[in-house]
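> Assemble the dimeric complex from its two separately framed chains, guided by the hints.
Here the protein sequences line up with chains B and F, keeping their order.
The first sequence: position 25 = 25 (the working numbering), numbered continuously.
The second sequence: position 115 = 206 (the working numbering), numbered continuously.
Calculated from the structure, these hints are not laboratory results.
With the Cβ distance kept under 7 Å, some of the chain F side facing chain B (calculated, not the full set): (1) Gly-125; (2) Glu-142; (3) Gly-146; (4) Val-184; (5) Pro-212; (6) Lys-215; (7) Val-226; (8) Ala-228.
Ranges between beta-carbon positions, derived for each pair: (9) Ala-52/B / Ala-112/F: 52 to 58 Å; (10) Ala-157/F / Gly-79/B: 26 to 32 Å; (11) Arg-45/B / Glu-154/F: 27 to 33 Å; (12) Arg-229/F / Glu-7/B: 35 to 41 Å.
The beta-carbon is built from N, C-alpha and C at its ideal position, and this holds for glycine as well.
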Amino acid sequence: MLDTRTETLHVVYLARLREAFASSGEAFAFAGDGTTVAEVIETLRGRGGAWATELAPGRAVRIAVNQVMASPSTRVHAGDEVALFPPVTGG
Amino acid sequence: MTVRVQQAAFDIGDEIDGMRAGDARVGAIATFIGTVRDVNDAASVSALVLEHYPGMTESALGEIVADAKSRWNILDALVVHRVGKLEPTEAIVLVAVTSAHRQDAFAACEFIMDFLKTRAPFWKKETTPAGERWVDARQSDDDAAARWSPDTR
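Chain F on its own, in the form it takes in the complex (with noise of 0.2 Å):
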């Protein structure tokens, strides 16, 4: 179980590599990569600058991780997130959950990524053509971490 917060961007393929590298047991990997998106609430967006509180954001981060485990028989699990100014198309975060059969694999990485969203501290400034704005969280995120009940399976 390894999270990590970076300003460097990452290679999927050496992250999933390192990851499965020699471990026989591994049967299936799921992986979200979120990305920045050139157009947001009905602006287009040039640049997005990512701030977290640093400490923090790790132990939540390994919180959400451990959670996962404890539901799902999964393997391993990576969390990657950038922090810093990124630029529409750059990746933002990388999940990669290793499971022996792809259900685990499939709903821990999406329970990881609903819980990141609602409880990991980064905050998104974008840049757009009327100025810097900050970005308003989203009850979406929130209905989705939702689903899942302590008992969800």
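Bound-form chain B, shown alone (with noise of 0.2 Å):
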């Protein structure tokens, strides 16, 4: 059916997320051209349990799109590395 195509990204998970989820990353099918961070993170929040927690609204949640930092409006494309990790402390 031409209107379920689904395309894959792989998502990163970083330091405490990281440890919360258990996972490092995954691969992560979503709808295709148009679908922004949110929309991803929502997906992933509804999962409940740790994933609700963490990507609770309020939280510092920090995104890096092709290992650029990114904003929950950037727009994501088959193939893209979208990484999810907390505010960052290092120096």
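Following this line, the structure appears as structure tokens:
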């Protein structure tokens, strides 16, 4: 069916999120062009448990798309690397 | 302009010698070294584990250094940041900047550290008597980076 075509991107979890999700990343199927990072996060949040807790609205989650800082409104495409992580604490 | 992310300790003397070797234009070298403390947020800290995002960390540091070079008249800049397990008193990060005159080196060094703290993807996890905990980002670091408006010189 033409309307159910899905694309895949790779989601990466770092630091506290990697531990909370017990995963360093996964392939993520999404609806294709036009999807935003916010929609990806909404889907992940819907899994409940640690996903709902760590990605709850108001929690500080930083986003990078293809290793460049991005925002919830950034649109994603097939093959993109979407990283989710807490505010950075290096130095 | 060089950025490195590594587990190994660095020797500040060797690093500075490498930057200034034979370059008689250099009149000033400013350095910053960040080290591991044994206390944070009212708890004693026995160890620190630093995690990064391979690839993005190096490119983010490269952009910060390039931005510093566009703002000040500097000759060279070096960032070395360690990852993995570190213990109190160990060095975490070195920033070194060379210039003809001290003002450019001082300012660029401080700028690079302020943006490293808020833009480069590193995360610290501390070991305390109560167990391990991820270090929270500080508002004071965001404030420090915000001082540098696009045309600050």
